[in-house]
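Listed in order, the protein sequences are those of chains A, B and C. Using the numbering used here, the first residue of the first sequence is number 1, and each one after it goes up by one. Using the numbering used here, the first residue of the second sequence is number 1, and each one after it goes up by one. Using the numbering used here, the first residue of the third sequence is number 1, and each one after it goes up by one.
Read the hints as simulated data drawn from the structure, not as lab findings. Virtual Cβ for every residue (Gly too), placed ideally from N, Cα, C.
Computed, partial: chain C to chain A, Cβ under 7 angstroms: (1) S274; (2) G278; (3) V282.
Calculated lysine-lysine pairs in the DSS-like style (CA-CA distance at most 30 angstroms, straight line): (4) B:K144 x A:K231; (5) B:K445 x C:K193; (6) B:K445 x B:K399; (7) C:K193 x B:K339; (8) A:K231 x A:K135; (9) B:K85 x A:K135.
Just the calculated beta-carbon pair ranges, DEER-fashion: (10) A:E45 x C:L63: 41 to 49 angstroms; (11) A:L5 x C:R134: 22 to 30 angstroms; (12) A:Q130 x B:Q10: 26 to 34 angstroms.
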Amino acid sequence: MNRYLIGRVGQALLVLWGAYSITYFILYLLPGDTLSIMLSASGMEVDSLSPQELAKAQAYYGLDKGVFEQYFSLLWNALHGDFGQSLSLNRPVNELLLQRLPQTLALAGLAIVLSLIGGIGLAYLTAYTQWRPLKVALSRLPSLGFSVPVFWLGLLLIQVFAFSLGWFPATGSRGFDSLILPAVTLAIPSAAVYAQVLQRGFQGVWQEPYIATAYAKGLNRSQVQARHAFKNAALPILTLIGLQVGNTVSGAVLVETIFARNGVGRLAQEAVLRQDIPVVLAIVAVSAAAFVLVNLIVDLLYPYLDPRIAHTPKVS
Amino acid sequence: MSSPLIDIRQLAVSYRSAGQVTEAVKNLSLSVAQGETVAIVGESGSGKSTLANAILGLLPERAAITAGELHVEGVNFGQASEWQKRNLRGRTIGLVPQDPMVSLNPTLRIGRQIGEALILAHGRRYAGVDADIVELLEQVGLDKPVLRARQYPHELSGGMRQRVLIAIALAGNPRLIIADEPTSALDVTVQRKILDHLQQLVAQRGISLLIITHDLGMATDRADRIVVMKQGELVEESTPRQILQAPQHDYTRALLAAAPAFGTRRKPRQHDDAKRPPILSLHNVGKVFTLPKVKGEDNHFTALQNLSLQVYPGQTLAIVGESGSGKSTALRIALGLEKPSQGRVQFEQQDITHLSWREFRPLRQRIQLVQQNPFAALDPRFSIFDSIVEPLVSFGLLKGEALEQAARELITRVHLPVSYLDRLPRELSGGQRQRVAIARALALKPDLLLLDEPVSALDVSVQAQILDLLLELQRELGIAYVLVSHDLAVVANVADQVLVLRNGRVVEQGSVQEVFEHPAEDYTRELIAAIPGQRLALAS
Amino acid sequence: MNTDTRLSSLSAAAPPMVSPWRRRGRLQRVASAVLPLLRRPGFSLALLIVLFALASALVPQLLSSFDPYATSPADKLTAPNLLHWFGTDEVGRDLYTRVVYGSSLSVQAALLAVGIALVGGLGFGVLSGFAGGRIDAVIMRIVDVLLALPGLLLALAIVTAIGFGTVPVAIAVGVGIIPGFARTTRAEVLRVKTLPYVEAARLGGASWGRTLLRHVLPNAWGPVAVLATLDFGAAILATAGLSFLGFGAAPPAAEWGTLIANGRHFLITAPWVSLLPGLFVVAVVFSLNHIARTFEENSR
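Here chain A stands alone, though its shape is the one from the complex (with noise of 0.2 angstroms):
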């Protein structure tokens, strides 16, 4: 077993080091003049500048070592936890993000929990209604999830629940109220993302012979869809909210400047729009490494949900 966990957790650690490799390639090395983006994020013209002064910038910047200097030295600061200094903002990055991750930390953590709680009450109801008409309207809902763009659904959102019933506030970060509607806004997708894999797991696990043999016992409907389908149904779920985190991180994105709230999301939204890349870097960095450790966690949580799966291969 312990070796295996070795495994994983290096592998974790591989795919985040490639992670952050790529986004350090994207953000430094592919733009044509790095140099000028930077001085323009800070506020500066290239042109108005001499070339003693430019010098002077490029040695700031740490843009005069080589690639793999630059890369190196970036990298060792990044695992102290140094993420540099924001070019427009001139404030430590990780002093941002420990201002503002707590806000996107709330939001995401109640979406999630929305989503799972709407997606498997959905996809449960689905598989138990057995009147055509309501089962196949349920069947087609997820689908109509996928297709709203989560801005204009918060837009929407706002307009009848803030706007016109003035239940939430419409903006804002303050209060348990204010997070209501950015995390149900947040919270569709994902449920429809869950909602849409355990129904088609009902739909293929109710093909299964041993629900033949669950109902030759004498159990009723309910009792079988309980006891046999559900847990069956519901595997892939736990490897799918791993997956889902990187689609979580994106719509806080999005949320979080519709909703004017002063998470990371909005953060990064601020970062690209004045080509800050030291945030951007960070951002990313941060978002890819809760990926790889929430993934990590459902890895080893897997094998007690579905006893098929063991850590050590067996011989057949």
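Since the structure of chain A is already known, use the hints to place chains B and C on it.
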């Protein structure tokens, strides 16, 4: 207890799909008394599974009883409510499902699954349920019952899982057990033990047994009464002895003739080919697979050890073994798909043991393979014409008009109409697809044909047709065959030489006559004894 | 391979059959599979909507008589009526026209994104599945790494580096879709590769090239085609999201995301400015999903 347990009168069951109505069961009348063992024999499409589902009250949504009456312990199923039917399931009628590998919930422990049935029968959870579970597991013949109860299905072998399913069926103390195709999924010797045990338990408790099967031989061994079904109708009903000695209906006669155990064995041919060299020979071939390293376990798996065989031109060598015996590995080594760890493979005079794929390719024109599963052997997007001529096209041997002529000849040789050349595989039955696969294998005019379980996926009557075709082709074309099978009965009618494998080792080897009439090893004797359909024949 | 000419000589040479068999070419088989679908009202409606969106991408001038850039301050922020089907925005431009013209930018962006994903994803997936071994392991690691970067954030990084605009957005979205494609293609190739008929073809002397082109690819493309349709919808949503955030084409260009972003400021007084373009987007993407699902259900 004079009224029968199951009373069926002129029953009709139909399926509705996309506006069409198909009658699965027509005008069936049958009764099963307490303590009887009745076998329902039929091929696919005979309606026997529909009948079993109707008795259980588990007909799917789109099926319904459209005429006649079905009474189970006095309850009329045509009018009964779901609640009434559910009450009978488990408590009056038990089911032993067909495939033990997929009939248990993979995420629940064995003990819980059996306990569920016990609790249902009792009405609610009771104190002694754990003890009852262990006792039941003992009764069905599982060793270490306390351990097994805590295990999951995937930790048990197929035979053990089948025993667990029997335990579940017995848990409710039923008066009738339906056994669905009990001879399909497991090895013959394992199956025999389990069925013997089941019959013992059933006799002890006075339970009726309803066996659904396609295997007439097994039915004659074990049933008090046999019912033969064809396309939804009951065509014959009588005792096993009567069926063997005086079958009334043509279909029954056809089934008897097709059943390998009862079919007449062809006379052994006279061969004076001690002078002709073998076309294929294996010398001391061994194969060891390396497995992923697991602490405390050997990471080598010996699939074959010391295998030597010769195949003579125009003759058939049969390799017989149960699952895990290594017979498929032997075939793959002969084809060059695997390299042996020891030993040599020789084709005619050439040593082909270590040829690369490219070097082997010219030989492919002389050695061909017919695979086991006809349903996956043909590319679903290729027309039959394309499939049959593909080897010729791959080697660039023929083009245009000559290619079409070859296709016509090949398809006629396997007795399929020329018009089939334009069809797609999904429009053909299993037997027809296997014929196409044989035609494709013959396209390059091979001298040696390897056949991996060529008939095990087919219905009994179709099996006989394909085997006859193979014999005919051998007579006409002089091809040598290596036939791999787990079914000794199939082999007896087709082979000249037999080789019995067990766990990678050769147990017995020799001509068909020698092996069947004077088996030297106990294992061979066990295999021969396990061929269904012999008990009556031997007793009379 | 023209089977028709060959089969005609077959029917001439064969003895007269009792029931004549029908010759069906490949096109006819496809048509006979698709036509019954058109009878379903849902499918036909979805197809119509998608065709409308494609038409507005290619020939928007045929679908609206207004000029998308013509401002008319007197008519600003009018609610939907018979003249202005979607109402007008804050400078009096007809919103329906803006949506139709916005199609061309948004649909083009989505097509480019899916194109990039197809080329990259299919290439990686086929290579990975077919070659196996080390190559497979390396490619799958790269895919894992790409998956660890959330789609929108990866797109944000790319846009930061190469600038704003429709094409950069499309490239960014396309790269983000590649992992999904690669995985699906690889899974399908692996599944087909081990099927008996592929082995039979190899044993019949077929080269790897022939096996790949004639057997593996044609049988593996089904789920990939479904995924491509689904991802086309997802690409539309992603590119709209990026332009909503302000990274798309500069105003007065009428990309769908920009339209919705624009209307944010007037949400209380004139909600239709944001909501109606969004509704159009939902309709198009939902129709694409419906078409993809119908094909998937039918091929089972």
